[in-house]
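Novice: Chains as they are written, first to last, in the working numbering: chain B, 1 to 114; chain P, 115 to 225.
Because the hints were derived from the structure by calculation, they are not lab data.
Note that CB positions come from ideal geometry on N, CA and C, so glycine has one too.
Some hints could be false.
Just the calculated beta-carbon pair ranges, DEER-fashion [claimed, not checked]:
id	chain 1	residue 1	chain 2	residue 2	range
1	B	Asn100	P	Thr178	16 to 24 Å
2	P	Asn152	B	Pro8	13 to 21 Å
3	P	Asn166	B	Glu75	32 to 40 Å
4	P	Asn144	B	Glu75	25 to 33 Å
5	B	Asn79	P	Pro122	37 to 45 Å
6	B	Ala80	P	Gly173	44 to 52 Å
7	P	Ser126	B	Arg67	42 to 50 Å
8	B	His98	P	Gly173	20 to 28 Å
9	B	Lys13	P	Ala192	38 to 46 Å
10	P	Ile127	B	Asn100	28 to 36 Å
11	P	Asp121	B	Asn71	37 to 45 Å
Stretch by stretch, here's where chain B covers chain P in the computed footprint (C-beta under 8 Å, at least three residues) [claimed, not checked]:
id	segment
12	141-155
13	213-219
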Amino acid sequence: DAGVTQSPTHLIKTRGQQVTLRCSPISGHKSVSWYQQVLGQGPQFIFQYYEKEERGRGNFPDRFSARQFPNYSSELNVNALLLGDSALYLCASSEGVHSNQPQHFGDGTRLSIL
Amino acid sequence: SQQGEEDPQALSIQEGENATMNCSYKTSINNLQWYRQNSGRGLVHLILIRSNEREKHSGRLRVTLDTSKKSSSLLITASRAADTASYFCATDAEGAQKLVFGQGTRLTINP
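Required output: the full structure, derived from the provided sequences and hints.
Specialist: In structure tokens, the structure reads:
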């Protein structure tokens, strides 16, 4: 079975631009979460979506937004990019929203801001 | 902000030795999880331990949890070169699946 897939794998943008990152969860998983991982740090939670509704939001500015589609895939949008947005963006899926369910991560999108 | 801190930040051992990594966290939890991340890849779930459990095993992995000290440890026995990776603990202190990760331990296994 396919794991969590993310696209694109790498992306280079300039300051002020906008970016859309995409994630397809494992088949049957209804929950998708997004994390930002700056080099040398642990991942930081951005959003969680379950059944197309936002279930959690981390401490990120309104420039960050996301949505989940009827097929449970998800997009993360970042507007007005800053140099500090350079990071690995990870998507994780799980069957539900309970904390006792492990999350399955994709390999991420590496975003570089010039 | 990071909930937990892993210790040590980096660990280098010889193949066949045991590796121990520690994690401390700040607030009460329902579960604690350990993940592995190979360079440039996503995180792989290793093991989940509930707050009412003290020890859990999975293959060569042994995890302990001390809620009174708000700490956990991950022991990898008989290490292999393929165990070279960064290891992260993650807690659900802020609810549901909003996992809060530490900064990780970079483990290097020398052949």
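Novice: Of the numbered hints stated previously, which ones are contradicted by the structure, given in increasing order?
Specialist: none
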